[in-house]
Amino acid sequence: MSGHMNLTLKVWRQKDAKAAGKLETYEAKDVSPDMSFLEMIDVVNESLIKKGVEPIAFDHDCREGICGACSMYINGHAHGPKQGITTCQLHMRSFKDGETITIEPWRAKAFPIIKDLVVDRSAFDRIIQAGGYVSVNTGVTIDANAIAIPKEHADNAMDAATCIGCGACVAACKNASATLFLSAKVSQLALLPQGHPERAARVEAMIDQMELEGFGNCTNTEACSAECPKEIGQEHIARMNREFYAAKLSSSKTK
Amino acid sequence: MILDSKIPDGPLAEKWTKHKFNLKLVNPANKRKYNIIVVGTGLAGASAAASLAELGYNVQAFCFQDSPRRAHSIAAQGGINAAKNYPNDGDSVYRLFYDTVKGGDYRAREGNVHRLAEVSVNIIDQCVAQGVPFAREYGGLLDNRSFGGSQVSRTFYARGQTGQQLLLGAYSALSRQIHAGKVKMHTREEMLDLVMIDGQAKGIVTRNLETGAIDTHAAHAVLLCTGGYGNVFFLSTNAQGSNVTAAWRAHKHGALFANPCFTQIHPTCIPVSGDHQSKLTLMSESLRNDGRVWVPKAKGDKRKASEIPEDERDYFLERKYPSFGNLVPRDVASRNAKEQCDLGKGVGTSGLAVYLDFAESISRLGEDTVRARYGNLFDMYAQITGENPYKEPMRIYPAVHYTMGGLWVDYNLMTTIPGLYALGEANFSDHGANRLGASALMQGLADGYFVVPYTVGDYLATIGPKAIDAKHPAFAEAKAKVEAQTKKLLAIKGTKTVAEYHRELGHIMWEYCGMARNDAGLRKAQVLIQELRADFWKNVNVTGTNEELNQQLERAGRVADFLELGELMVVDALNRSESCGGHFREESQTEEGEALRNDNDFCYVAAWEYTGDNQPEVLHKEVLKFESVKLTQRSYK
Amino acid sequence: MSWFTQTIFSTSVGRKVIMALTGLFLCTFLAVHLAGNFQLLHNDGGKAFNLYTVFMTSNPLIKTISYVNFAFILGHVVWGAYITYKNRQARPTGYAYNDPGKTSSFSSRWMGVLGTMILIFLIIHLKDFKMAYLGITHKLDLVTYTLDNGDQVEVKNMYDEVIEEFHEPVVVGIYVLSMIALGFHLYHGFQSAFQTLGLRHPKYTPVIKSAGFIFWGLIPLGFAIIPLIIFFCRN
Ligand SMILES: Cc1cc2nc3c(=O)[nH]c(=O)nc-3n(C[C@H](O)[C@H](O)[C@H](O)COP(=O)(O)OP(=O)(O)OC[C@H]3O[C@@H](n4cnc5c(N)ncnc54)[C@H](O)[C@@H]3O)c2cc1C
Ligand code: HEM
Ligand code: SF4
Ligand code: FES
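Chains as they are written, first to last, in my numbering: chain A, 1 to 255; chain B, 1001 to 1637; chain C, 2001 to 2235.
Isolated chain A (complex conformation) (with noise of 0.2 Å):
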């Protein structure tokens, strides 16, 4: 068919956590254009299957950019080269004939290797689970209605909301630092009244969490958001910064 390609890949294998990893070579025959990144490593897999060569793991489930799965670093950009997209959204058209394409696994203390290029994010949910929701039980009887959000308010809120927790901005950090995955949420409730009663707990726990996983500090180098799938801002960031001195001036938590 017109217009296939032929690629060389280095990708990181390493058999386990312990285990001490390194960039193998593969090369990839006949790659179609339409194929997305990961449907390219799925045939290089099948080649590597039929050669007796343990297939590459890698995560990846939904394959149309909304799980957050999907998780490498190609040719020194989480999710590769383009803006704006997951790996698995990445097409094959990105790329050029004989091109070589680096492909590692985000690099975090934070984010153990698993397998090749498969890493541990549960330092993630942690950081969810220190405070990343509204307190509120099964079975509220007011009714949806019953609080008017003004639009911008509900609209920046759900720009924020849309933040797949897929470690890019980690990865992409030259700090390794989680702060935009934090501020996605800290700012997403926080632009809204239901988040507003534990707003200042909610701040300090996940910020407390952050530290404890082991995440770098933001310098302000912004790659986070560029790198970002979803495109998340820098002004959450900053949001999350006043949410936090807010909490800590005024909160009477003296330890």
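You can take every hint at face value.
Cut-off 25 Å, straight-line C-alpha distance, at most; resulting in silico cross-link-like pairs (BS3-like, lysine-lysine): (1) C:LYS2063 / C:LYS2130; (2) B:LYS1493 / A:LYS15; (3) A:LYS15 / B:LYS1488; (4) C:LYS2102 / A:LYS96; (5) B:LYS1006 / B:LYS1252; (6) C:LYS2086 / A:LYS18; (7) A:LYS51 / B:LYS1538.
The set of hints was computed from the structure by calculation and includes no laboratory data.
Please read all numbers here as calculations on a predicted model, not as lab measurements.
We have chain A; now place chains B and C with the ligands onto it with these hints.
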């Protein structure tokens, strides 16, 4: 076996209230003595786990992804229905009930559907309280859109990411309970078998996908919230990991499987681009609010869409169904698209696509309004196809999307195994032969937030809080069985990959048990599947070992179950020689080619009983009684 | 630990706020310092500059501010080093292949290095001028000026010391280079401090970013131009 649906008697609108009153309660102080296992953390599972934990039960939740936030519910785009009647356009609980029963082509239970419509309003209240950022009007109140199969606007949405926002709401409630220590969350842990003691569900066997460790977990009740099985078709809009394993293995223990052949083929998906294709991407049905579906009037017209003048286009849905137009239910829209392509009018290189055109909306509303409504869907389309849908019409084709069939459950959502419940897409309950858009999210959350927390209590109160004996031999036996199967799969070391078998199965299913089915084809498919299954167990190549993260092994287990389920789907489709909803038997159609039901012979739920490996399954019928709704030929003209 | 120490030591946003506040204070200090340095360009044999030096070292308010200033430099350096160390730890294994240039500015990625260059400069600078002024390295000559009110004062001739230093190519080179480093440091640092403090707004952030030019462009340029003028135009 007599299938007792346990639908309470009395007037339709009072059944649920009455039933809730009659259910036994567990004393608050006793709740912590009960353990409940929830398998799956999609909308159904996360909402159930959180709600049960809030009540005081000890919950253990499982999912195969690395986080509960990634369950496939996250991918739902369009919206969630609720009978709020905020737009004041004549909606009501009864109308939502009626639309859903009719949309399901009268193959769902009235009692269940009415309950669903009743609690739909609570769901929206609940989600808003959790901080779900639904779309709003300028006045600050919630916005609604319309969806297929209804003439009112009752669909709540959060851009094109409604499922994501609802799931993150449920996930946050779940996270809160994990933090409180009331839910123990097991991620990357797949249920591979059910543990039964004295005919009751008492636990599960799981494989830790990171280490390969096979463990057992005991509980007083087990809730399967494991989603749909559309991936039996290989290509579907489901996530790669979506599977039938948990439900199927419960089926093998005696849980009846209902209406397995009821599959929903979604009309608006991005067409297949080649053999490498691993999944099909849905373009939300909400697009049909503003997009117009058409094909060229002439066969084999290869001109570009923009070069085909208005009077040479056939807006076939608008032409055939003037009152619903582009918003006919999914099964109708899909079948019509297939019909046009079969007539040789399909567009695109493959000829297997029709246009979904926004030119008219863009000129009427402006590009900005269209972008605000569907921006992310348009971006997604552009990303996948490399074409700009603001300039050229989208090309769409139907794809497998949802499975109405699933484990048979009674009004309490209990399967035929005492103590085993099925929620969400994993059960068969509320959508009959065809699900209306925006109703699955509603059902998953209804089951998890508002139904099961009541009904489980009734069962638990009956069995009492005595601790389950984790040393019971049933646990060791179930574990040994799972280990044996894992060993067996790894030992075959044949020549074909798991994916190859999966793809082949998918071809058979799509060809013979897809959008149109007939007797000869189904019979042929049954033989083909049996052969493929036999070959799989002789010749599959599963690489690696058990004691590691092994994605080939995970998939092999799932495909093995699909190979059995596929046959049952074909058998069920063969049995049901009527057409209804998404199930179209070519032998049973009206003169105009619409699905023709046969209410005299098939007004029942077909629930299948497993009788042993490679043995024919036994059919049990739950006859459907309609007290409120009159059965009519569905018409969307 | 009290909530305050806990915040500024053990939370990432708290640590950052120290950086931002000390950093912004140092920015104002730079502006004042530069105003003083311009006294060097008066063609009066050093009178204005030497008198300014006396004022700066004897006025009690100014003296307090200068101690605060040293404390802030120290705080800024210590916190900066701690943050940089922590950030290194957060990624023990780096990428084999990385391409950060497209997604973040050079300045933002090299803050630690740029800051260290400034620190080295500060040490040299203090050794050369402050120590000399205090008479630790060597004794300065004395000069006598008649003030506007007719009084006579005898002061150390710092001016000659500076002019002499600024005829050393190495000194001028280091000075200019360091000011370039300062410019880059503040190119990111100035606006970044506002972001850290949460001061971001669609209306005002563009203003802050533009005003930043004063700090990353004009002020370092002002500092650098003085030794160059002296080197090339004064004997
Ligand atoms: C692309 C797409 C768009 C959709 N859009 C809409 C829409 O707009 N409106 C609407 O109403 N519906 C929509 N649907 C349908 C709807 O999203 C699903 O039916 C619904 O979300 C299913 O929820 P669930 O909780 O039953 O299952 P899922 O969300 O699929 O969750 C299944 C869970 O089970 C777990 N699991 C599965 N097997 C095992 C096992 N063996 N062991 C352990 N864990 C297991 C998984 O990890 C997961 O947590 C859409 C579906 C798709 C595919
Ligand atoms: C003395 C040596 C110095 C060192 C080692 C140093 C180091 C650093 C470091 C590591 C950062 C953190 C990176 C970041 O937050 O982006 C930083 C930030 C900053 N520095 Fe410096 N710096 C020094 C001197 C100065 C001086 C002299 C000034 C100003 C006159 C200054 C102003 C700033 C500002 C404004 C920030 C931004 C704070 C923020 O983003 O919150 N620094 N510095
Ligand atoms: S903020 Fe963006 S990059 Fe970070 S986890 Fe969320 S979606 Fe991914
Ligand atoms: S696989 Fe779900 S976001 Fe990529």
